[in-house]
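Peer 1: So the chains spell out like this:
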Amino acid sequence: MSAFLEIKNVSKRFGGLAANSDVSFDVGLGEIVGLIGPNGAGKTTLFNCITGFYAPTSGDVLFKGVRINGLQPDAVCRLGMVRTWQKVRPLAKMTVLDNVMVGALVRTHSLRVARQVAQEQLRVVRLDHKSHFLAGSLPIGERKKLEVGRVLATKPELLLLDEVMGGLNQAESEEIILLILELKKLGLTQVVIEHDMKAIMRLSDRLVVLNSGEKLAEGSPTQVATNKDVITAYLGEAVDA
Amino acid sequence: MSSLLRSLRTPRGFSAPAFLAYLAVIGLVALVPQFSRKPLILHMWIMVFLAIAQGSAWNIVGGYAGQYSVGHAAYFGIGAYTTMLLLELHQIAPWYGIGLSMLNAVLLSVVIGSITFRLRGPYFVLASISMAEIIRLAALHFKDLTRGAEGILLNGIPPLETPWFTVKFLGKVPFFYTSLGLAVIVISVTWFVQHSKLGYTFQAIREDQDAAHSLGINPTLHKNLALMLSAAFTAAAGSLFALYVRFIDPNIAFGIDVSVQMVLICIIGGIGTILGPVVGSVVLVLLSESLRNPKWLVQAGLLADSSPTVAFIEARLSNAHVLFYGVLVVVVVLFAPEGFLGLLRTAVARVKKRLAAKPTPPSQPAAAA
Amino acid sequence: MAIFLQSLLSGILVGGVYALIGIGLTIIFGVMRVINFAHGDLLMLGMYVTWGLFALFNIDPYLSLLITAPVLFLWGVLLQKVFINRVLNALPQNQILLTIGMGLVMSNAIMLAFTSDYRILTTSYTSSAFQVFGLSVSQPLLYSFLITVAITGALFWFLQNTDTGQAIRATAQDRDAAQLMGINVKRMSVLAFGLGTAMAGIAGALLAPTYYIFPQVGGPFTLKAFVVVVLGGMGSIVGATLGGILIGVTESLSAVYVASGLKELVVYVLFLLILLFRPAGLLGKSRT
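Residue numbers (this note's numbering), protein chains in the order written: chain E, 1 to 241; chain F, 1 to 369; chain R, 1 to 288.
Any given hint might turn out to be false.
[As the list claims (entries may be wrong)] Taking lysine-lysine and the BS3-like style, the derived pairs with C-alpha atoms no more than 27 angstroms apart in a straight line are: (1) E:LYS198 - E:LYS185; (2) E:LYS93 - F:LYS352; (3) E:LYS184 - E:LYS198; (4) F:LYS143 - R:LYS263; (5) E:LYS8 - E:LYS64; (6) F:LYS295 - F:LYS38; (7) E:LYS87 - E:LYS184; (8) E:LYS8 - E:LYS228; (9) E:LYS93 - F:LYS353.
No lab work stands behind these hints, which were simulated from the structure alone.
Full structure from sequences and hints, please.
Peer 2: Written out as structure tokens, the structure is:
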């Protein structure tokens, strides 16, 4: 039996620099997998490799049993896997509703249907009261919600969330955490990059730890939290900071 | 491909009053030659219509898809040359020639697009300029095909005979209606684009290509689609222009000022909007034609024949229209980057705010629920 | 072989002036990240100043550099302070349009003032040449080249060895970091635009004895400056120097071996190839 998403020995080199080396792990259907690691550990690079923005230098990415490295991001999205951006990318001069409609239009040609889907998703992320605001005018918390609403509108089966809680206050983060858990209940598989340890421990079924491009550890949150290598890596970072 | 066709259909946001107003304006404008056939007045209208067609065509790829091509002279020129050469060398009537010229431009746009769209931002701009320059230089050099700098002079256009009526392309009236028709077609196409999936796709690419890519949009395909549409109508405008002025050479047809003017029309009016190119064309053509040929003001009854203004413009300012273009662009970029329409919008918003603020004391603006 | 050497030589001599144009553009881009589409028109202004000084006071074009360069420098400073400064953070498209507009204003103002007639600046040595090893070396081209070498050298020295020069280089490398280090970034931008304009003006003066002078002469030079700069890598002065010479040689060789009407076309094709396959330029590192 193959997993929902399989990452097999993925390496990505930029010139002489290895951003990912030989990373492998699986994501099962309906799971939330947390991806953690110090800054520069290669988490976002791995997202880029999975979603087609980078072609891995070597290794394979299999989604629903199909090899997808080499596919363009738009094709990956149509297959049902979509990512958010660590640095949010609102379509600034379009309205909030239009932003989400862009996502919805992957699955339909009808603007009417897309508008309905978008309105639904805006309710899910509690942004429906801002439908007609320009996306560029939203504060950071709402931009992050918009980012999530927009990817949900593409009807994904696997969601890659890149620090959706970064820069949010506690109440806003809590809202996002509840949203992620709600989506899990609906059966959505998710891979989450997050810096907030408390949040990621609470959310994840399993954790994968990256350090300087390599997989350092993998396991349940408690296993990982007591892993010696992980503690060293994180203490090291804390001292650096 | 069928999905693309479907995405062009069933636009939303249709408003009956606006549509009727649109039809009414077209109807009124179409009546103009019934009242005045003064050649300079009709000339003004024709230049405005051609400018609208060019500006709106550029707007599809530049304003909606956000790809600032400064090389659209390539499509304008290929349109002009295709129609003129077919007519002069092979006696192929222009109504077929225009179709072939559009096809030619689309083919050219596929070649140019597949090269230049690999680049972004300023590098794309530079590549688009070089493409048009390469074609201009080639048109100057390969005299066997294009007659080089000597240009092509049109001897006459055969009459268009249909079972119902015959059109002789003499005088300005036939050109008035054909260029009006073209302008209406391009404006309508822009409307359909804006109110379709295609429009959303284009705008998403303009706002953030990577974000659009991650949301399932193929940027290369859609940038090329926008360019193909844009190139086809630019070529149609080029064909009509050539037939109207009856002479082209590589600098007239492929010159960089042709490309720049198309951008200016949109910037001055308001980029990425349906009405922007219309407003921009009126402003730009009125300005440049008034300076180049102030006699039209006399024919329009605005100035007396003996008016010293006319004499002054003719003596002093007849070469100054490009200077005014330049000043206009500098002013618009610095003070009204959203163009005249943007100015209008902010003015309206300000008035609305003031009106809304009057009855109640200023309070926290509540978001519409 | 003699033909080849001859065209190689004149290519290198002309290329020196192209390099100067490119260096001006690349300094402006390096420090401000603004692509200056009015660069050729600044060069045209330099030509007219030189021509004016020659026609009115009979000042030798090479001597008049002492006036042309500072005048153009001040003009650049003015343009930067009044116009460019306002769009430093605007969309690149709007920056491009602004400089296109400025170029149109300059070339057409000159046209209104001096008509579009071709002006020729004829000195006693305009058409004389030295004979070296059977090759003829045009005197004005040689003088221009030597002056270019001297000015490029001086500029290099200035950027490497003076405090201001180092501040300019630091700003070009990283604007924000330079600001944090206490460098007056605004002043560096003004200086850079002034310097870039002066370089364009000097190039105009150097071309004046061998070129027709008319208001629209700048356009092709703007494009050529871009080719030079992209070829060498945006922001790199060494790159622009080599790029200029390479373009000069390409032009003069293709004029002989392809067709003289196609020499510019060959340059543009080369330009597109570089953009596509070696986008950081021949010497450049990265363009972001």
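Peer 1: Verify the proposed pairing of LYS143 of chain F with LYS263 of chain R, using a straight-line Cα cut of 27 angstroms.
Peer 2: Within the cut-off at roughly 16 angstroms; holds.
Peer 1: Just to be careful, I want the Cα atoms of LYS93 of chain E and LYS352 of chain F compared with a cutoff of 27 angstroms; is the pair within it?
Peer 2: OK: LYS93 of chain E and LYS352 of chain F at ~21 angstroms, within 27 angstroms.
Peer 1: Is it true that the CA of LYS8 of chain E sits at most 27 angstroms from the CA of LYS228 of chain E?
Peer 2: Measuring from Cα to Cα gives roughly 25 angstroms; hence the hint holds.
Peer 1: LYS184 of chain E and LYS198 of chain E: Cα distance at most 27 angstroms?
Peer 2: 18 angstroms, holds
Peer 1: With a cut-off of 27 angstroms on the C-alpha distance, tell me whether LYS87 of chain E and LYS184 of chain E pass.
Peer 2: With Cα atoms ~24 angstroms apart, LYS87 of chain E and LYS184 of chain E stay inside 27 angstroms; holds.
Peer 1: Hinted pair, alpha-carbon criterion (27 angstroms max): LYS93 of chain E, LYS353 of chain F. Please report holds or violated.
Peer 2: 21 angstroms, holds
Peer 1: For the pair we were handed, LYS198 of chain E and LYS185 of chain E, check the Cα-Cα distance against 27 angstroms.
Peer 2: Judged against 27 angstroms, a Cα distance of about 20 angstroms means the pair holds.
Peer 1: Take the C-alpha atoms of LYS8 of chain E and LYS64 of chain E, compute the straight-line distance between them, and say whether it is at most 27 angstroms.
Peer 2: Distance of about 14 angstroms is within 27 angstroms: holds.
Peer 1: For the pair supplied as a hint, LYS295 of chain F and LYS38 of chain F, is the alpha-carbon distance within the 27 angstroms limit?
Peer 2: 11 angstroms, holds
Consistency note: the structure conflicts with none of the earlier hints.
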